[in-house]
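The chain contents come next:
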Amino acid sequence: MLPSFRYVRPRTVSEAVKALAAEGARAHAGGTDLLGCLRDGVFDAKSVVSLSGLDDLKGISPTKDGGLKIGALTTLAEVARHPGIAKGWPALAQGAAAAASPQLRNQGTLGGNLCQRPRCWYFRGDFDCARKGGEICYAVEGENTYHAIFGGSGCFIVHPSDTASPLVALRATVKVVGPKGARSLPVEKLFVLPAVDHTRETILAPGEVLTEVLLPPPLEGAKGLYRKVRSRGAWDFALGGVALALSVKDGKVASAGVVLSGVAPTPWRVPEVEKLLVGKALDAKLAAEAAELAVKGAEPMSGNDYKVPLVKGAVEEALLALA
Amino acid sequence: MKKTITLDVNGVAETAEVEVGQTLLRFLRDGLDLTGTKEGCNEGECGSCMVLLDGRPVNSCLVLAVEADGRSVTTVEGLSREGVLHPLQKAFLSQAAVQCGFCTPGMVVSAAALLRENPEPTEDDVKKALAGNLCRCTGYKQIVDAVRDAAAAMRAGAVAGGEAGKPAEREEVPA
Ligand SMILES: Cc1cc2nc3c(=O)[nH]c(=O)nc-3n(C[C@H](O)[C@H](O)[C@H](O)COP(=O)(O)OP(=O)(O)OC[C@H]3O[C@@H](n4cnc5c(N)ncnc54)[C@H](O)[C@@H]3O)c2cc1C
Ligand code: SF4
Ligand code: FES
Ligand code: FES
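Chains as they are written, first to last, in the working numbering: chain R, 945 to 1267; chain W, 2 to 176.
Just so you know, these hints were derived from the structure itself, not from any lab. Some clues are possibly wrong.
Ranges between beta-carbon positions, derived for each pair [said to hold, decoys possible]:
#1 W:Gly102 with R:Lys1076: 31 to 41 Å
#2 W:Thr36 with R:Lys1076: 47 to 57 Å
#3 W:Thr36 with R:Lys1219: 57 to 67 Å
#4 R:Ala1139 with W:Arg156: 23 to 33 Å
#5 W:Lys142 with R:Ser1005: 51 to 61 Å
#6 W:Thr5 with R:Gly1069: 51 to 61 Å
#7 R:Gly1257 with W:Glu124: 27 to 37 Å
#8 W:Gly56 with R:Gly1247: 38 to 48 Å
25 Å max Cα-Cα, derived PhoX-like pairs, lysine-lysine [what the hints assert, rightly or not]:
#9 R:Lys1124 with R:Lys990
#10 R:Lys1076 with R:Lys1002
#11 R:Lys990 with W:Lys91
#12 W:Lys4 with R:Lys990
#13 R:Lys1240 with R:Lys1219
#14 R:Lys962 with W:Lys128
#15 W:Lys91 with W:Lys128
#16 W:Lys129 with R:Lys1031
#17 R:Lys1167 with R:Lys1124
#18 R:Lys1008 with R:Lys1240
#19 R:Lys1013 with R:Lys990
#20 R:Lys1002 with R:Lys1013
#21 W:Lys91 with R:Lys962
#22 R:Lys1193 with R:Lys1124
For every residue, glycine included, the Cβ atom is placed at its ideal position computed from N, Cα and C.
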């Protein structure tokens, strides 16, 4: 039995927003991350607000401009097997297919995947670490094999999502509805670095619900992929990975989105690499140069310097696959 | 806080009052005595708690019972009919794909979902479909073989069953 809470299952987004504005209210989409957190005492809930009755937030539909709208309650399995996404936005289809297990993807949603809490074992365990409001980050002196090599300060989690990096690479936006109304923002701006606030991963305020993800229309000559490296062949979180969303015109890269996963507290965009690629023909030399640049400035911890060559290799391999 | 839920479990309509913090797994085991569904890790990692929710396999340790309100659930008990084993269950026995047996119900449930969508799975298809089910005993080979054997038996049964007009899955089993 989970710790006791009140449970509501609203039928409209505005009812959900109202219920979520109450102190100690937690959103429940598929529940695959929430239930684990509640059971392990990572945080508690006075009330659980189930979004599963919000049918308007389910499903995938084309937008007028040729893009795609994906409701936040759409399951990862639906995103992974949607033929339109696989064709127009392959990095996202591959990211969704690489997350967790087939069974968890049947239950877990895209919105939940973006809003899931980190997997740092101190955070999930019985440690009152900085992210939980305590004083110290236990990973600094402790076991940090799976922690960040970029963007850490005070806390060194890696963002666990396999869909976030593809969405940033694709320049997707999210719609958020809260007590003050609706707003849209780039997926990149959804995430918070520890230097800004080390107690949360997203900018969502109490009462705010992520309602949809919007994919811009595919660019001419669009190519993309998501490359994930993990210790097991399936089910595991990324040790490191990269999402690519390129467009190629007349043999040259016309635009580039390059975003690393599994290495930083947020999806880790590498604008220098994006800049390097644009205007050039993608070949082995450029791929090697880009991979080198992607890991420039990495700050490995005591137990995770393996991630530097790993992610460098992943970037090079991924670029070559699109060359 | 308690809530009354109504759901279809293995073809039977059930109405029950459940604590809102109870998982579907505990409800099936403690509330309905359907103990074929196992509790292993309770974290979504092992797959021993697998059930079909509206026909799709999910980890019932990570689903609240209240979330199954109005939906249909199939557990491993719902795969056999009147004491006659499902072709997957028979194949698991004949391939010796069962050692301690703890993972078996979850494996069979995930495999049943696969065979509904894909009656002729390759070895790779089977491995992918069972990626969320761990086994600490068999080394998986017998399990993959059993699923493919069952698929073949069901295809053969479907051909015969088409003529006899009987449900495919149960065709080759004498009544
Ligand atoms: C064993 C295991 C392995 C996994 N491996 C991977 C992996 O390799 N890669 C990967 O990417 N993920 C992995 N995951 C995470 C999994 O993908 C997530 O649990 C799932 O995507 C979360 O979706 P959900 O709908 O179940 O979210 P929930 O559990 O319902 O919610 C997760 C969090 O997000 C909040 N939330 C959910 N939806 C919204 C919304 N619309 N608006 C505002 N807040 C919201 C909730 O309050 C909660 O805090 C794994 C999980 C498990 C249990
Ligand atoms: S990395 Fe972050 S979540 Fe993990 S122990 Fe340090 S502060 Fe806590
Ligand atoms: S008990 Fe549910 S996955 Fe292990
Ligand atoms: S038979 Fe023992 S865990 Fe699979």
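Hint by hint, here is what the structure shows:
Checking the proposed 31 to 41 Å range against glycine 102 of chain W and lysine 1076 of chain R shows it holds: the Cβ atoms sit about 39 Å from each other. Judged by the Cβ atoms, the range 47 to 57 Å given for threonine 36 of chain W and lysine 1076 of chain R is violated: they are separated by roughly 36 Å. Between threonine 36 of chain W and lysine 1219 of chain R the beta carbons are some 60 Å apart, a value that agrees with the proposed interval 57 to 67 Å. Roughly 59 Å separates the CB atoms of alanine 1139 of chain R and arginine 156 of chain W, a value that falls outside the hinted 23 to 33 Å.
At roughly 43 Å, the beta carbons of lysine 142 of chain W and serine 1005 of chain R sit outside the given window of 51 to 61 Å. Take threonine 5 of chain W and glycine 1069 of chain R: their Cβ atoms lie about 36 Å apart, and the range 51 to 61 Å is violated. For glycine 1257 of chain R paired with glutamate 124 of chain W, a C-beta distance near 28 Å keeps the hint of 27 to 37 Å intact. Against the hinted window of 38 to 48 Å, the Cβ-Cβ separation of glycine 56 of chain W and glycine 1247 of chain R comes to about 43 Å, which satisfies the hint.
Note on lysine 1124 of chain R and lysine 990 of chain R: the hinted pairing holds, with a Cα-Cα distance of about 23 Å set against a maximum of 25 Å. Distance hint between lysine 1076 of chain R and lysine 1002 of chain R is unfulfilled; the C-alpha atoms sit about 32 Å from each other, more than 25 Å. Our distance criterion of 25 Å between C-alpha atoms is broken by lysine 990 of chain R and lysine 91 of chain W, whose separation comes to about 47 Å. For the given pair, lysine 4 of chain W sits about 16 Å from lysine 990 of chain R by alpha-carbon distance, which is consistent with the 25 Å threshold.
With a C-alpha separation of about 14 Å, the suggested pairing of lysine 1240 of chain R with lysine 1219 of chain R holds against the 25 Å cut-off. Taken as a hint, the lysine 962 of chain R and lysine 128 of chain W pair is broken in the structure, with Cα atoms around 44 Å apart against an allowance of 25 Å. Taking the CA atoms of lysine 91 of chain W and lysine 128 of chain W, the gap is near 19 Å; set against the 25 Å cutoff, the hint holds. Distance hint between lysine 129 of chain W and lysine 1031 of chain R is fulfilled; the C-alpha atoms sit about 22 Å from each other, no more than 25 Å.
Proximity of lysine 1167 of chain R to lysine 1124 of chain R is assessed by CA-CA distance (about 38 Å); at most 25 Å being required, the pair is judged violated. Proximity of lysine 1008 of chain R to lysine 1240 of chain R is assessed by CA-CA distance (about 40 Å); at most 25 Å being required, the pair is judged violated. For the hint linking lysine 1013 of chain R to lysine 990 of chain R, the alpha-carbon distance of about 32 Å lies beyond 25 Å, and the restraint is violated. Taken as a hint, the lysine 1002 of chain R and lysine 1013 of chain R pair is honoured in the structure, with Cα atoms around 10 Å apart against an allowance of 25 Å.
Taking the CA atoms of lysine 91 of chain W and lysine 962 of chain R, the gap is about 52 Å. The hint is violated against a cut of 25 Å. For the hint linking lysine 1193 of chain R to lysine 1124 of chain R, the alpha-carbon distance of about 43 Å lies beyond 25 Å, and the restraint is violated.
Checked against the numbered hints listed earlier, the structure breaks hints 2, 4, 5, 6, 10, 11, 14, 17, 18, 19, 21, 22; every other hint is satisfied.
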